[in-house]
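Colleague: Below are the chains, spelled out letter by letter.
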Amino acid sequence: MTVQRPVYFDHQATTPLDPRARDAMRPFFEESFGNPHSAHHTLGRQAAEAVETSRRNIAALIGADPREIVFTSGATESNNLAIKGAARFVGNTRRHIVTVATEHKCVLESVRALEGEGFSTTLLPVLPNGLVDVAALAAALTDETMLVSVMGVNNEIGVIQPLEEIGQLCRARGVLFHSDCAQAAGKIPLDVDDMAIDLMSISAHKMYGPKGIGALYVRRRPRVRLEPLFSGGGQERGMRSGTLPAFLCVGFGAAAEIARQEMSDERVRLAELAEQFKVRLLAVPGASLNGDADKRWPGNLNVSFAGVDAEALLGALIDDVAAATGSACTSAAVEPSYVLNALGLDAELASSAIRLGLGRQTTSDDVEVAANAIVHAVDTLRAQAQDSAA
Amino acid sequence: MAVMTFVMPDGTRREVDATPGESILAIAQRHGINELEGACESCMACSTCHVVVEKDWFAKFPEPSEEEDDMLDFAYGLALTSRLGCQIIFTVALDGLVVRVPSDRHNALLD
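Here the protein sequences come in this chain order: A and B.
Heads up, the first sequence is in my numbering, so the first residue is 737 and it goes up one at a time.
Heads up, the second sequence is in my numbering, so the first residue is 459 and it goes up one at a time.
In short, the hints are calculated from the structure, not lab data.
Positions of the beta carbon are idealized from the N, C-alpha and C atoms, including for glycine.
Possibly wrong hints are sitting among the right ones.
[Unchecked claim] Okay, the calculated bits of chain A under chain B, using three or more residues with CB under 8 Å as the criterion:
(1) 886 to 894
(2) 952 to 960
[Stated by the list, open to error] Ranges between beta-carbon positions, derived for each pair:
(3) B:H564 <-> A:A876: 50 to 58 Å
(4) A:P864 <-> B:E521: 37 to 45 Å
(5) B:L538 <-> A:K841: 13 to 21 Å
(6) A:T979 <-> B:E524: 24 to 32 Å
(7) A:F765 <-> B:N492: 50 to 58 Å
(8) B:N565 <-> A:D930: 33 to 41 Å
(9) A:L859 <-> B:D569: 51 to 59 Å
(10) B:T477 <-> A:G978: 43 to 51 Å
(11) A:A775 <-> B:D562: 38 to 46 Å
(12) B:E521 <-> A:P755: 43 to 51 Å
(13) A:Q997 <-> B:F516: 19 to 27 Å
(14) A:E766 <-> B:D562: 22 to 30 Å
(15) B:G554 <-> A:F769: 55 to 63 Å
(16) A:R956 <-> B:F516: 27 to 35 Å
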């Protein structure tokens, strides 16, 4: 078998650009360079038309109206805009926010920034399988709660949160519901109406689109209003000023359309590969899967190898497998993952975990190569540890 | 006789008589409160009759239409209880209504 090494197993950090999305983008790098906000000439109108087609594709992916899609620079900006924007608009009337310990840093830090502005926060723990306890969430809501933020698919452990249940709960209590769906959009079916979601963050480069663009879904009925983060020309219905990068919008739209069409087949294919991978990895003594075994996106396996240092393991795998210890944003810091801590893993088991992300190009041969390399590396590291202890 | 109050941008309160069936915009104009401009003559194209309704009264109104929400998106100084004066029809149940007049206007017709 011919497998190019290192094999890429870091699809939660980013996904490669789908060649079909790249081809759709190409003219907008080159001859169709117009500003989509220039309404007085053909180049501008061409760009605007392409941007609006993309907006429709993105809306279709999540069951939204195109007018509910606001382009941003990525999920970090979308999460900031959703949380800070909604809180600052509602202002003095209700000042309590509920979120979860395993959310992405940009959600946790946005909420923390609002604490500095006088908002109070409840940071919910998760169950040992990584899922939110919906009863605990219900109990945390008060008459002061204005926003609940719970992600769709966790970036480190891949678990899928019960969005529909949480959404209906929030709707019944008159609380806005935001979901960071950076890892969920284009992977699992999402419907903003069925899930009663008011605000949803999406990123293009997690679904085989280009880096540097994302979107925020903002519900129109009943209208959700946000205080913008930046001042400017009032583009994107006043919520996000700045010239739209037409080529990135087009790549994002193409990626969304591909994902919408291929999502269900891809999920089945990845589930088979993940099963093949899991069987091999969990056969290693002292190996355990982190996060719920069933309620998870199959393109993620987060596995602890007891007694093995994950940093050393990735070092040993450097020529064979590209993977991660946790989210890439925090991987510069050598500290155990706060997500794994929230599951109740002790520091040692948390620091022995690696995250393996499978994706569109992953093949069964890739899984075999990676599994062989990991099993071998774990054995070698354990043998070395025994030798040095002897 | 029913009344309603406009709280002006400088904080002064103008209590005026109001007739059921009139819009808030029409009531303002009848009393010379020209801060509510009504540039589009109530066809929801300008947002210049934007008012901020006192919280306790806000819940007594029917939900805004999608078109009214769209126009409110352009309003200057938008707040949680913002409405367009041309879309709220005064009724006996609204006797005593209080609305705040924003300090500026944005005429979407001129965009």
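Colleague: Indicate, hint by hint, whether the structure satisfies it.
Modeller: Structure-based check of all given hints:
no. : hint                          : verdict
1   : 886 to 894                    : violated (count 0)
2   : 952 to 960                    : holds (count 4)
3   : B:H564 <-> A:A876: 50 to 58 Å : 39 Å, violated
4   : A:P864 <-> B:E521: 37 to 45 Å : 43 Å, holds
5   : B:L538 <-> A:K841: 13 to 21 Å : 29 Å, violated
6   : A:T979 <-> B:E524: 24 to 32 Å : 28 Å, holds
7   : A:F765 <-> B:N492: 50 to 58 Å : 52 Å, holds
8   : B:N565 <-> A:D930: 33 to 41 Å : 39 Å, holds
9   : A:L859 <-> B:D569: 51 to 59 Å : 42 Å, violated
10  : B:T477 <-> A:G978: 43 to 51 Å : 47 Å, holds
11  : A:A775 <-> B:D562: 38 to 46 Å : 26 Å, violated
12  : B:E521 <-> A:P755: 43 to 51 Å : 47 Å, holds
13  : A:Q997 <-> B:F516: 19 to 27 Å : 44 Å, violated
14  : A:E766 <-> B:D562: 22 to 30 Å : 44 Å, violated
15  : B:G554 <-> A:F769: 55 to 63 Å : 59 Å, holds
16  : A:R956 <-> B:F516: 27 to 35 Å : 19 Å, violated
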